[in-house]
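Number of protein chains: 2
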Amino acid sequence: MLRPWRLNIEISRTANKAVYLQIADAVIEAIKSGKLRSGDALPGGRRLAENLKVNRNTVIEALEILIAEGWLISRERKGTFVSEKFRLSEQAKLLPVKPTTAHIYFDDGLPDARLAPMKELSRVYRQLLNRNARWQMLGYNSGLGDEEFREAAAQMLNFNRGMNVSSSQICITRGSQMAMFLSAQCLIEEGDVVFVENPGYKPAWRAFSHAGAELVPVRVDEEGIDVDELEQLLYKTPNIKAVYLTPHHQFPTTVTLSTSRRIKLIELSNQFGFTIIEDDYDNEFQFDQRAFLPVSSFENAHKYIYIGTLSKMVAPVLRMGFLVSDAEFVKKTGSLRKIIDVQGDSIMEQAILQLIKSGEIRRHMKRAIAAYKVKRDFFESLLAYHLRDKVEFKKPDGGLAFWIKPRSGVDLFELNKVLLSKGVQINTPDKFSFKEHIYGIRMGFASLSESQLEEGLISIAKVI
Amino acid sequence: MLRPWRLNIEISRTANKAVYLQIADAVIEAIKSGKLRSGDALPGGRRLAENLKVNRNTVIEALEILIAEGWLISRERKGTFVSEKFRLSEQAKLLPVKPTTAHIYFDDGLPDARLAPMKELSRVYRQLLNRNARWQMLGYNSGLGDEEFREAAAQMLNFNRGMNVSSSQICITRGSQMAMFLSAQCLIEEGDVVFVENPGYKPAWRAFSHAGAELVPVRVDEEGIDVDELEQLLYKTPNIKAVYLTPHHQFPTTVTLSTSRRIKLIELSNQFGFTIIEDDYDNEFQFDQRAFLPVSSFENAHKYIYIGTLSKMVAPVLRMGFLVSDAEFVKKTGSLRKIIDVQGDSIMEQAILQLIKSGEIRRHMKRAIAAYKVKRDFFESLLAYHLRDKVEFKKPDGGLAFWIKPRSGVDLFELNKVLLSKGVQINTPDKFSFKEHIYGIRMGFASLSESQLEEGLISIAKVI
Numbered sequence: 000m001l002r003p004w005r006l007n008i009e010i011s012r013t014a015n016k017a018v019y020l021q022i023a024d025a026v027i028e029a030i031k032s033g034k035l036r037s038g039d040a041l042p043g044g045r046r047l048a049e050n051l052k053v054n055r056n057t058v059i060e061a062l063e064i065l066i067a068e069g070w071l072i073s074r075e076r077k078g079t080f081v082s083e084k085f086r087l088s089e090q091a092k093l094l095p096v097k098p099t100t101a102h103i104y105f106d107d108g109l110p111d112a113r114l115a116p117m118k119e120l121s122r123v124y125r126q127l128l129n130r131n132a133r134w135q136m137l138g139y140n141s142g143l144g145d146e147e148f149r150e151a152a153a154q155m156l157n158f159n160r161g162m163n164v165s166s167s168q169i170c171i172t173r174g175s176q177m178a179m180f181l182s183a184q185c186l187i188e189e190g191d192v193v194f195v196e197n198p199g200y201k202p203a204w205r206a207f208s209h210a211g212a213e214l215v216p217v218r219v220d221e222e223g224i225d226v227d228e229l230e231q232l233l234y235k236t237p238n239i240k241a242v243y244l245t246p247h248h249q250f251p252t253t254v255t256l257s258t259s260r261r262i263k264l265i266e267l268s269n270q271f272g273f274t275i276i277e278d279d280y281d282n283e284f285q286f287d288q289r290a291f292l293p294v295s296s297f298e299n300a301h302k303y304i305y306i307g308t309l310s311k312m313v314a315p316v317l318r319m320g321f322l323v324s325d326a327e328f329v330k331k332t333g334s335l336r337k338i339i340d341v342q343g344d345s346i347m348e349q350a351i352l353q354l355i356k357s358g359e360i361r362r363h364m365k366r367a368i369a370a371y372k373v374k375r376d377f378f379e380s381l382l383a384y385h386l387r388d389k390v391e392f393k394k395p396d397g398g399l400a401f402w403i404k405p406r407s408g409v410d411l412f413e414l415n416k417v418l419l420s421k422g423v424q425i426n427t428p429d430k431f432s433f434k435e436h437i438y439g440i441r442m443g444f445a446s447l448s449e450s451q452l453e454e455g456l457i458s459i460a461k462v463i
Numbered sequence: 000m001l002r003p004w005r006l007n008i009e010i011s012r013t014a015n016k017a018v019y020l021q022i023a024d025a026v027i028e029a030i031k032s033g034k035l036r037s038g039d040a041l042p043g044g045r046r047l048a049e050n051l052k053v054n055r056n057t058v059i060e061a062l063e064i065l066i067a068e069g070w071l072i073s074r075e076r077k078g079t080f081v082s083e084k085f086r087l088s089e090q091a092k093l094l095p096v097k098p099t100t101a102h103i104y105f106d107d108g109l110p111d112a113r114l115a116p117m118k119e120l121s122r123v124y125r126q127l128l129n130r131n132a133r134w135q136m137l138g139y140n141s142g143l144g145d146e147e148f149r150e151a152a153a154q155m156l157n158f159n160r161g162m163n164v165s166s167s168q169i170c171i172t173r174g175s176q177m178a179m180f181l182s183a184q185c186l187i188e189e190g191d192v193v194f195v196e197n198p199g200y201k202p203a204w205r206a207f208s209h210a211g212a213e214l215v216p217v218r219v220d221e222e223g224i225d226v227d228e229l230e231q232l233l234y235k236t237p238n239i240k241a242v243y244l245t246p247h248h249q250f251p252t253t254v255t256l257s258t259s260r261r262i263k264l265i266e267l268s269n270q271f272g273f274t275i276i277e278d279d280y281d282n283e284f285q286f287d288q289r290a291f292l293p294v295s296s297f298e299n300a301h302k303y304i305y306i307g308t309l310s311k312m313v314a315p316v317l318r319m320g321f322l323v324s325d326a327e328f329v330k331k332t333g334s335l336r337k338i339i340d341v342q343g344d345s346i347m348e349q350a351i352l353q354l355i356k357s358g359e360i361r362r363h364m365k366r367a368i369a370a371y372k373v374k375r376d377f378f379e380s381l382l383a384y385h386l387r388d389k390v391e392f393k394k395p396d397g398g399l400a401f402w403i404k405p406r407s408g409v410d411l412f413e414l415n416k417v418l419l420s421k422g423v424q425i426n427t428p429d430k431f432s433f434k435e436h437i438y439g440i441r442m443g444f445a446s447l448s449e450s451q452l453e454e455g456l457i458s459i460a461k462v463i
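Chains as they are written, first to last, in numbering that gives the first Met the number 0: chain A, 0 to 463; chain D, 0 to 463.
A couple of the hints might just be wrong.
Said to hold, decoys possible - With a Cα cut of at most 30 Å, we get these calculated BS3-like pairs of lysine-lysine:
{"#": "1", "chain 1": "D", "residue 1": "77", "chain 2": "A", "residue 2": "337"}
{"#": "2", "chain 1": "D", "residue 1": "331", "chain 2": "A", "residue 2": "201"}
{"#": "3", "chain 1": "A", "residue 1": "118", "chain 2": "D", "residue 2": "302"}
{"#": "4", "chain 1": "A", "residue 1": "434", "chain 2": "D", "residue 2": "331"}
{"#": "5", "chain 1": "A", "residue 1": "52", "chain 2": "D", "residue 2": "52"}
{"#": "6", "chain 1": "A", "residue 1": "118", "chain 2": "D", "residue 2": "331"}
{"#": "7", "chain 1": "A", "residue 1": "201", "chain 2": "D", "residue 2": "337"}
{"#": "8", "chain 1": "A", "residue 1": "365", "chain 2": "D", "residue 2": "77"}
{"#": "9", "chain 1": "A", "residue 1": "461", "chain 2": "A", "residue 2": "31"}
{"#": "10", "chain 1": "D", "residue 1": "331", "chain 2": "A", "residue 2": "330"}
{"#": "11", "chain 1": "A", "residue 1": "201", "chain 2": "D", "residue 2": "330"}
Stated by the list, open to error - Computed from the model, here is a short list of chain A residues facing chain D with C-beta under 8 Å:
{"#": "12", "residue": "128"}
{"#": "13", "residue": "176"}
{"#": "14", "residue": "339"}
{"#": "15", "residue": "462"}
Stated by the list, open to error - Covered stretches of chain A (in silico footprint by chain D; criterion: 3 or more residues with CB under 8 Å from a CB of chain D, positions within the stretch not fixed):
{"#": "16", "segment": "200-208"}
{"#": "17", "segment": "388-399"}
These are calculated hints, taken from the structure and not from any lab test. Nothing here was measured: the structure is a model prediction, and the numbers come from that model. Glycine residues also receive a C-beta, built at the ideal position from the N, C-alpha and C atoms.
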């Protein structure tokens with residue numbers, strides 16, 4: 000027998016959310032709260048539409064999404080039911096898609112997907128996909144990306160980041176990792192030495208190692224990479240090819256490379272002939288004073304590869320990055336890219352281009368930066384309240400993460416283990432350290448909700 | 000002064016095309032036909048909406064698309080105008096986006112983008128993008144692709160192609176080129192020999208060369224790669240690593256590798272220990288009898304890498320491929336993929352998965368195969384009518400291209416030059432040949448319209 004339908008869904012015609020999504024979310028809420036249970040049958044689409052006083056297609060669209068996301072299952076000729084996956088006691092905690100083991104994961108600084116301008120993105124995707132005849136016209140490009148898109152990227156870099164580049168110096172990639180891979184493959188030969196920050200960003204290191212590079216770590220302090228140590232190492236190292244660094248909000252320590260060190264680094268590059276690989280992974284999130292201009296924008300910086308991402312400006316799920324260097328090197332990366340991947344995602348490039356042209360990206364970034372600034376300050380106050388005297392940290396002037404050192408010297412691997420049993424997860428030092436573990440936790444604050452941030456910190460406070 | 004508005008747009012509420020697209024297409028037609036000229040002003044959105052008796056937002060959406068595609072330009076406080084790009088005499092021929100030099104390009108067998116189920120794709124994209132909170136949940140995956148998607152791919156391969164594989168043997172990639180690149184990088188060491196078909200598919204060769212392989216060409220006849228020649232070469236070649244081939248509709252000659260040669264190839268693979276790299280790039284387009292089962296599906300084929308694409312099943316602009324091999328090798332490709340690209344396009348994987356689950360892909364493929372079969376037969380009749388006695392060809396039993404040899408022995412590079420001046424383009428032998436040019440033209444018939452096919456062949460008939 001079917002259980003009675005006991006949902007009261009209030010539909011708002013003026014809300015900023017489509018009606019079918021309001022219905023879908025109401026059903027999800029009902030499942031999470033236990034009002035609807037595993038195996039419960041839903042009324043038929045027609046009856047549901049009458050009850051809710053909406054078009055039947057709207058109901059069908061809501062049901063489709065719920066089925067696709069695994070909340071409901073459809074049995075032929077029998078109807079639609081709440082998925083068997085949800086057992087009552089656990090119901091509130093369950094996620095139907097890829098449940099993570101940790102309930103609260105302090106990631107390394109991912110943006111908040113909820114802020115992304117998905118409605119606008121969805122609109123331009125719809126327009127683009129509906130113009131299918133258009134795609135017939137799109138030939139294969141040079142592997143560097145859509146020309147108009149690269150023009151827009153060059154303008155943005157010149158206008159906002161003090162660069163002086165043309166579109167021929169830009170290669171659009173699928174996320175910054177591909178920019179790293181292409182750079183490594185085109186720059187490095189077996190046995191070349193690449194200096195890296197320690198602690199630093201390991202996925203980039205892997206791209207260099209894969210290309211045959213030998214990595215040499217350089218220490219990082221409160222002014223960023225230690226250029227004096229670097230200089231000493233340069234004098235005694237053969238086969239110097241490049242220095243890879245994250246000058247703006249160093250990863251993971253969040254410090255900014257000081258101007259004097261930037262100048263010294265460029266001098267060393269010119270003296271020893273190495274390439275500066277500058278990974279400017281979160282340039283756009285600056286809260287207090289103006290962002291430092293990239294090392295690559297300095298007039299006397301001649302050998303550089305500047306790498307960035309556009310994903311964070313739009314939506315983290317859209318992976319798009321870029322690399323900037325001299326035109327000859329960029330051409331080389333384009334040729335390699337054709338072998339790896341032919342070219343980028345034309346629809347995505349067109350979609351983002353339209354959002355840039357319409358000003359939507361600019362408006363979104365303004366809103367996002369304001370929201371992240373508030374969240375950073377909130378996270379700081381949480382740290383001060385719950386972990387006063389227990390941790391050391393410096394409020395970062397930008398970026399989406401804090402670098403935190405527990406004063407107790409507690410073993411961070413042990414800490415993570417204990418936290419995991421409480422549904423909280425942190426990143427352990429092996430994620431950032433070259434060999435010997437460097438003490439500290441990089442805690443992203445952007446992707447978690449305010450209550451998750453507080454709950455997570457309370458759990459940590461109880462342990463250390 | 001503004002020119003008078005002289006468009007009669009008939010809006011159909013029952014057409015299978017959204018109203019804003021009907022308006023946009025009517026404006027494009029008017030520009031192409033010369034009714035609207037460069038610099039012409041359009042009436043304001045409000046007036047246009049009144050004239051057409053549609054909602055003002057609908058008009059705005061139509062204008063946005065026309066501006067985005069470059070047909071119109073918007074000048075602040077002045078209004079909307081036909082783009083200056085269109086000069087009257089040329090107007091009918093001009094495409095606003097990426098004009099190709101050739102009007103009619105016989106490509107190497109691309110599908111018809113107009114057949115793609117874009118409406119359905121657009122619908123699932125909208126649903127997925129609107130669920131932005133959902134993306135927060137999606138963690139990074141193993142680099143092999145979404146688990147559920149790989150399950151679906153394994154099912155498809157086992158059910159339709161006689162394979163016997165599990166999801167752990169599949170890596171989803173961005174187009175088959177990336178599958179080729181990953182395979183090459185994980186399989187080949189400097190100096191290894193890879194045998195290739197001659198003529199053959201050069202973009203794959205580049206992936207092997209880049210990984211350090213030495214390529215050795217093997218001739219192709221009407222039964223596919225010549226396995227006897229291959230055998231002789233095997234006896235005198237050191238460092239044998241792999242044979243790369245396109246057994247199903249050989250690229251470019253469209254012949255199918257005979258069963259006896261398939262069996263011989265597998266025996267040679269087991270005897271000499273080389274890997275069979277099987278590129279099954281258009282398995283799904285089979286018109287007459289059943290498609291041959293892949294070499295990789297034979298029970299005694301032990302060392303194989305099977306590569307395919309999903310792009311052609313959905314829409315050519317969506318680039319998605321896969322590779323299949325033993326689980327250990329596939330794991331290696333997944334690790335490398337994380338260095339290159341982190342992971343695939345989660346939205347696209349989810350979108351295509353939904354179209355697979357809803358049966359839309361199956362329905363689309365049925366329609367598409369029926370349409371391509373008609374088009375193949377039509378192209379054959381055109382060849383017989385316009386080029387009788389001038390060319391030799393065999394009607395392919397599948398695939399989206401013909402292999403054609405002019406009897407006159409005309410220089411194909413010269414032919415292409417003359418044709419280009421008439422707005423027609425063909426692929427020259429350098430695109431397929433190892434060194435010495437092999438005589439023949441691969442002519443794709445799917446992406447061109449019936450009238451383009453005829454117009455193109457008439458141009459060729461006039462020259463040879």
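Structure-based check of each hint:
Of the pairs offered as hints, the one joining residue 77/D and residue 337/A is violated, with about 43 Å between alpha carbons and a cut-off of 30 Å exceeded. Of the pairs offered as hints, the one joining residue 331/D and residue 201/A holds, with about 19 Å between alpha carbons and a cut-off of 30 Å not exceeded. With a C-alpha separation of about 48 Å, the suggested pair residue 118/A and residue 302/D falls outside the 30 Å cut-off, and the hint is violated. Taking the CA atoms of residue 434/A and residue 331/D, the gap is about 24 Å. The hint holds against a cut of 30 Å.
Between residue 52/A and residue 52/D the alpha-carbon distance is near 27 Å, which keeps this suggested pair within the 30 Å criterion. Simply put, residue 118/A and residue 331/D have alpha-carbon atoms about 38 Å apart, too far for the 30 Å limit, and the pair is violated. In summary, the hint linking residue 201/A to residue 337/D is supported, as the alpha carbons are separated by about 12 Å, within the 30 Å threshold. Restraint check for residue 365/A and residue 77/D: satisfied, since their Cα atoms lie roughly 28 Å apart, inside the 30 Å limit.
The straight-line distance between the Cα atoms of residue 461/A and residue 31/A is roughly 28 Å, inside the 30 Å bound, and the hint therefore holds. Only pairs whose Cα atoms come within 30 Å are accepted, and residue 331/D paired with residue 330/A is accepted, the gap being roughly 29 Å. Only pairs whose Cα atoms come within 30 Å are accepted, and residue 201/A paired with residue 330/D is accepted, the gap being roughly 20 Å. The interface hint given for residue 128/A holds, since its Cβ lies 4 Å from the closest Cβ of chain D, which is under the 8 Å cut-off.
With its C-beta approaching chain D no nearer than about 5 Å, residue 176/A sits inside the 8 Å limit, and its interface hint holds. Proximity of residue 339/A to chain D holds as hinted, the smallest CB-CB distance being about 5 Å (cut-off 8 Å). The interface hint given for residue 462/A is broken, as the beta carbon of that residue sits about 24 Å from the closest beta carbon of chain D, more than 8 Å. A count of 3 residues in the segment 200-208 of chain A with a Cβ less than 8 Å from any Cβ of chain D is obtained; the coverage claim is therefore met, three being the minimum.
With 0 residues carrying a beta carbon less than 8 Å from a beta carbon of chain D, the segment 388-399 of chain A misses the three-residue requirement, and the given coverage is violated.
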